[in-house]
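> Line by line, the protein sequences are chains A and B. Quick note on numbering: numbering that gives the first Met the number 0 labels position 51 of the first sequence as 50, and the sequence is numbered without any gaps. Quick note on numbering: numbering that gives the first Met the number 0 labels position 4 of the second sequence as 3, and the sequence is numbered without any gaps.
By construction, these hints were calculated from the structure, which means they are not laboratory data. Careful, some of the hints might be misleading.
Identical copies go unnamed one by one, so any copy, or any two together, can satisfy a pair.
Unchecked claim - Within a straight-line C-alpha distance of at most 27 angstroms, the following computed DSS-like cross-link-like pairs (lysine-lysine) qualify:
1) Lys219 x Lys613
2) Lys76 x Lys8
3) Lys7 x Lys398
4) Lys165 x Lys155
5) Lys2 x Lys76
6) Lys403 x Lys14
Note that the structure is a prediction, hence the values are computed from the model and not measured.
Each chain is listed here by its residues.
There are 2 protein chains.
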Amino acid sequence: MAKAMADKKATALKKNPVPPRARITRIPATEVFPVIEQGMWPAKATEGESFPVRATVFREGHDALGVEAVLIDPDGKEHMRVPMYDIAPGLDRYEAWLMPDRPGAWKFRIDSWSDPYATWSHDAAIKIAADTDVELMLEEGARLMERASEGRPLPKGSRKQKAPAKESREILLEAARLMRDTTSSPQTRLSAGLSSQVRAVFRETPLRELWTRTRTFPLKVDRSKSLFSSWYEIFPRSYGAHRDEDGNWISGTLLQAADHLPRIADMGFDVIYLTPIHPIGTAFRKGRNNTLEAGPQDPGSPYGIGAPEGGHEAIHPELGTFDDFDEFVKRARALDMEVALDLALQCSPDHPWVSEHPEWFSMRADGSIAYAENPPKKYQDIYPLNFDNDPEGIYQAVKEVVLKWIEHGVTIFRVDNPHTKPLSFWQRFLADINESHPHVIFLAEAFTRPAMMRTLGGVGFHQSYTYFAWRTEKQEILDYFVEVAEETSHLMRPNFWPTTHDILTPQMTTGGTAIFALRAVLAATGSPSWGIYSGYEFIENVQRPGFEEQIDNEKYEFRPRNWEQANQHGIENLLTLLNSARKRHPALQQLRRIQVHPTSDDRLLCFSKHVPAKFSPTGEDDTVIVVVNLDPHNEVVGSVEIDLSKLGAAVTYGTGGQILEVVDELDGREYQWGEHNFVKLNPQERTAHIMAVKNSQSN
Amino acid sequence: MAKAMADKKATALKKNPVPPRARITRIPATEVFPVIEQGMWPAKATEGESFPVRATVFREGHDALGVEAVLIDPDGKEHMRVPMYDIAPGLDRYEAWLMPDRPGAWKFRIDSWSDPYATWSHDAAIKIAADTDVELMLEEGARLMERASEGRPLPKGSRKQKAPAKESREILLEAARLMRDTTSSPQTRLSAGLSSQVRAVFRETPLRELWTRTRTFPLKVDRSKSLFSSWYEIFPRSYGAHRDEDGNWISGTLLQAADHLPRIADMGFDVIYLTPIHPIGTAFRKGRNNTLEAGPQDPGSPYGIGAPEGGHEAIHPELGTFDDFDEFVKRARALDMEVALDLALQCSPDHPWVSEHPEWFSMRADGSIAYAENPPKKYQDIYPLNFDNDPEGIYQAVKEVVLKWIEHGVTIFRVDNPHTKPLSFWQRFLADINESHPHVIFLAEAFTRPAMMRTLGGVGFHQSYTYFAWRTEKQEILDYFVEVAEETSHLMRPNFWPTTHDILTPQMTTGGTAIFALRAVLAATGSPSWGIYSGYEFIENVQRPGFEEQIDNEKYEFRPRNWEQANQHGIENLLTLLNSARKRHPALQQLRRIQVHPTSDDRLLCFSKHVPAKFSPTGEDDTVIVVVNLDPHNEVVGSVEIDLSKLGAAVTYGTGGQILEVVDELDGREYQWGEHNFVKLNPQERTAHIMAVKNSQSN
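Isolated chain A (complex conformation):
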């Protein structure tokens, strides 16, 4: 039987030596986007966010063609079929926007066909106007109407298509009758074939001839939280940490941290991210400011994971118990917050895995286990896992750890340095976890070269840290916003952080409150996911000399803060306003539609985000224009130029011509904006506008 099949295949190939898979279709659609690695990996999409599909479509000769993008849901059903339009005349490049409505393994493809109605309309209009072949063209039009009414494409023998609904059929047949009515003028008869009613029927149920389709291309659609999320990072041990009467440090606990959740939720954050909460090793423990010798009072870095009390599956005894953790999760959930946990796959020399599974680490020639190194730098407190010696053993151990935390209510993992582990590990692991737990989200904390960053997203990470913190000049910020929104959005979903416990860029150290404010505005509006590291409220902006991170870093010590003073610089208030604007505006919850607008000054940055009504959860257009003064020291007065035709927003007419009614989300003030707009932004009082365009309907 196998032989019979092989023979049949050989015969077919002899008849047409092009293998079926490689055959160009009758109406070709090529260069399809988004397709990653020849369609081997699914492109990213998100429930409730529209995304663009593109293809180069063309045909022989002069006849017209039709192109549609078809979105197929996880059950294999056609979910949407949308006409594609030529976006680059002369280059035959077509685009349409699709939107999946739930997570899962979706697909899309491009359908292309010969459009006899468009061809006839074009030719008939020209020829009848020139009094050429009048009767012939009208008769051909009438026959076309008849065929369309029956869903009967040419050439003869083509498979019949779904015919139009009864009412539509009658419109077509009536048009055919009128076109054959020689008592009317040719123009009148032609008009019957070109009427808006007839055109609507063909738009609704086109007569598709030579109908061909591309293969399907995979999409991984994740839940909306993977795209739109507002993170707040804490070291739980700092919450409630204090010295006892002897001056000895007493650690804060998970329950004490839980008491602070309402303040964080009030600011509008919906993800509470905990740095590692596991037992910390004592061998080579780092002291304050990363010194090599820890003092007895030094709690050690939570990234030095593992001690006799346990490893990645355990909770540091000083933080509490699993019951406490469950309580923390419960209280977060009650506040509509999800809990994100750090997943740092490395071990302190005291980690139980070191003695139980020395084969999971690298052995040096002297028989010792290799610690982390980047010669000449040594990190003796960290043993990296070697994923190649016993890949299956490590895989199952890590899976067990992650499943345990999922069982305890963790829905998000912030993966520490995923780029130091094999991509093949992550691809399998993320698919595996998502198969049983599709709601679980993984954030890649990788700050490395673009190929690795993008591929981590490509193989399954739901969110990614980005270069945002290092994009400081106007043009590089805007270029980067466009890059993440347009060039790489099918590969990775950005999460913008102004600072983290590991990152305090030089820019942040001199601009005082203003730089903290403006970077928060950029992060919260430039990306649908953003994050704040606790303490941001206090403008903690002093670097450890020689390092781009904070002095007295919370990684190595307790950092209790006086939260009652948290709004002393107004940052708490700003964060609240930002999250509030994000919640109200679908435009800020989506990644893919951004426009950059020119300004009169290099320190004035302006962009807008937009969601059209048909893709908006509110059913209305949503447009937000963001203007930021990038200079934290000086007031900037200037203008913002907006091409209203490109904005996509509701434009009304005022006394001065076309206007937008806008309201600043940061202070509620209303303005009328047009093509040219005066702005004055002062770092002390107002460093940015977040102008929401009011819908004309609501005016």
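Using the hints provided, position chain B relative to the given structure of chain A.
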């Protein structure tokens, strides 16, 4: 059994939910180039021409990696394995050049691996210099030498590799011994591991760990004539055409045309291209200058194919017999010329197919056969084939036609307007013909939008007409040269024509001899394939009013020329010099390596082409620098700036620093060129330099 396999597959997928085909490899290589349409269609390559392969390759962590491009011949054997180098540091983009040595269905893939020797060399050098872990690093180095000598990669259990040759093994083991010799200094011991001998062994037989490979990607390799060819186009009926004593035209014949072959061969052309030689219809025959009514003396357009005497398979009786055609082919072959025939798939109303197979055409509503139209234009002398009514019937008929001409010695077809026929037809047809007749070459005569142009190449056309004739300004010429050499060379092979019987651009009408000369220089040097339409020698530069083609076009009348005067403008001589330079210089026979050089004047254009010794048929570097004065009216004096480091050419040292010894292929004069070069080009005497760089060895 099918069930058992499905079960097994399901179990495997349950264990690793990523389908095998989609799994990322341990050391990933992504974004592979050249890959067309997800690898469904083969990329183009040519025997004897090197082409670049690129991939984005990266890995987790800090360890070093190795990358190789592997070229696989049609028998499945590894033909070349070449290290790839990072060409865009920071972007992890690697490149290597490969070269197939014969036509056929080749493949390539990318191999990537962990490079323990590079990792050790890097780490050991730093650590031993810092007096850190000295004994450990040397012992690890010694063990690495031992493992490499046995081809034994880590981790344990990896498949053994081919061990180095005996002599190399000894080099490695001796290095291991020296590295363990504690009587020597650490630096001496380290040097034993880093010696050039040891490095050579690892270069030759690397110890590849975690060795992974991409899928293979297809290449279609065609014979060298498909890339490097010099065409000369004739209407054979014009050769020997004359009026008899009554003033009636007597057609020239194939045998008379054959008498002119020696002159054409003497100019160095190696393809003689015949416009259609079939019987011409009389219904709606076009007269002189495309007038609608032909006179009795008008021979008709050879593109109005088909008459009672026969169609595409027949020869116009006035041109001769098949014996005459065979004689023509024989005489061409004796002069090392191949014969190219026009393949214009359309019919005059008198074509036998019209009555025998009316179903191969489109029927109009009035029962008549549809002639060609582009409303409001009508072409009543032409019936286009309808490829959809009876695709198999037409396919077999066209195949029969082409096979007949192949039988009679035609090796090249110049396909007229392929973009008005379905691409699916061409893909099957070209693969089919090439399967039985791999030497047969098809040139696509399509002047249309880029997507169609490129895809015609992508589905199998060996050569393509281009936009060359319409690229007239310096920057657009250079951009186009770079585009065809770098951006689209895997999709289409260009053929540059300054004019054709259909094309006489406005530029050609005012510059006299100079514009004909400089456009010939650009065509002959800018592309390895070029073509000249007969009569170019006579500067035939008058347009038919309103059309970009010659007045008194040879399509519609006999155009005997006085070939004894063919060198009256020096063009014959120039064409000879150009083809002679092309024959001597591999750099001009290849498409892919071009450099643009700045000049002091917008009318001075300069580029160079280069073939490195290892890919050159001569075994020596070949570099040719072309400088053209684009102004046909004025002398231009200026300078040409050459970055010698980028030229790839042999640079020697003269009194003034680095120099190139160059010789002008157009007049044999020798110069010394350096970074800055004075040029003076006068349209009357010398419109261009074609500077061949002399090899330092030959100096």
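> Work down the list of hints and note, for each, if the structure agrees.
We went through each hint and held it up to the structure:
Only within a single protomer do Lys219 and Lys613 lie at most 27 angstroms apart by alpha-carbon distance; the minimum there is 22 angstroms, versus 46 angstroms between protomers. Taking the shortest alpha-carbon separations for Lys76 and Lys8, only the inter-copy value of 25 angstroms comes in at or below 27 angstroms, while the best intra-copy value is 30 angstroms. Taking the shortest Cα distances, Lys7 and Lys398 sit within 27 angstroms of each other only across copies (23 angstroms), while inside one copy they are farther apart (46 angstroms). When the C-alpha separation of Lys165 and Lys155 is checked against a cutoff of 27 angstroms, the pair qualifies only within one copy, where the shortest distance is 23 angstroms, while the shortest distance between copies is 72 angstroms.
For a Cα distance limit of 27 angstroms, the shortest separation of Lys2 from Lys76 across copies, 26 angstroms, qualifies, whereas the shortest one inside one copy, 35 angstroms, does not. Only between protomers do Lys403 and Lys14 lie at most 27 angstroms apart by alpha-carbon distance; the minimum there is 19 angstroms, versus 58 angstroms within a single protomer.
Hint compliance for this structure: every hint is met.
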